[in-house]
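J.: Chain by chain, the residues:
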Amino acid sequence: MDPQDAQSSLDTIHRLQDRTRQEIVRGLFPLPYVLISALGLFAGFAAADLPDPWSTAGTVFGFTLWAGVGIVYGHFASVRRKATAREAGIYLAMMVALLAVFGASRITAHFWLGLPSEGVVSQSVVAAAVTVAAYLAITPLVRRGIKATID
Amino acid sequence: MDPRFDEFLHVPARLSIVALLAPADWVDFGFLRDTIETSDSALSKQISALASAGYVTVRKDTGGRTRRTSVRLTPEGRRAFQRHAAALERIVTAARIPAPQPATDGEPADDAGRRPSAHSG
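The listed protein sequences derive, respectively, from chains A and B.
Going by this note's numbering, the final residue of the first sequence carries number 334, and the count climbs one at a time with no gaps.
Going by this note's numbering, the final residue of the second sequence carries number 131, and the count climbs one at a time with no gaps.
Here are some chain B residues pointing at chain A (derived, C-beta under 7 Å):
id, residue
1, Ser26
2, Leu30
3, Ala32
4, Asp35
5, Trp36
6, Val37
7, Asp38
8, Leu98
9, Ile101
Honestly, the hints are just simulated from the structure, not real lab data.
Remember, it's a predicted structure, so these values are computed and weren't measured experimentally.
Where a beta carbon is used, it is the ideal one built from N, C-alpha and C, also for glycine.
Isolated chain A, as found in the complex (with noise of 0.2 Å):
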């Protein structure tokens, strides 16, 4: 085997890597699938003001469609790999910082707005829009941060 074709064949190797790892990011947060999880998330967040039974429909279906549209998206991905606990973590971060974006949010639309807990323009509207914001911000940096973990 001579040098050079072993040098070849090893920049062969290193790009077709490469090209696989390009496919599995890019498949991470395409913009469909981010303003679709991102009504679900809104959704979710938006009907805790609502009475019940329609706080609890209106959650089970937000969070549903935020989950279940990433789970599809997944599934008919070209590229596949299992998630590793880093990004599981990654994940779990995001959810909990938007969980406290919820909630601080609600807090200043209550004491601060003044906002009445029922409405169109309730304390959970306004404070699920304001999550949806948080979630369309941090994607980029969650997108940076699993992409780091992928080797």
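With chain A held as given, fit chain B onto it using these hints.
T.: Leaving out everything else, chain B in the frame of chain A:
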């Protein structure tokens, strides 16, 4: 030749397939075909050879109107690929290490590369 060098895996098409599979779990047949730029039949032939060697597993999902074929490296395939890549690295590294210089004054060097002293005797 390094014993870990795998002639079977070193066929360019097979090496390309295995390199694409290495960072992932399941990879679609279409992605492999489009990235390697080959035909369905040529790719099928190489994947069948890899599967027969126990290096890959093939899965066919027939749910819905379209059939979806996915391929994954087996643990044995992954080990074989890593061994082969390591063998290639060794070939390249060995070529970078300069060979010891031979004696140039007509006196043979001993096994340690030392030449007899000019003042011996």
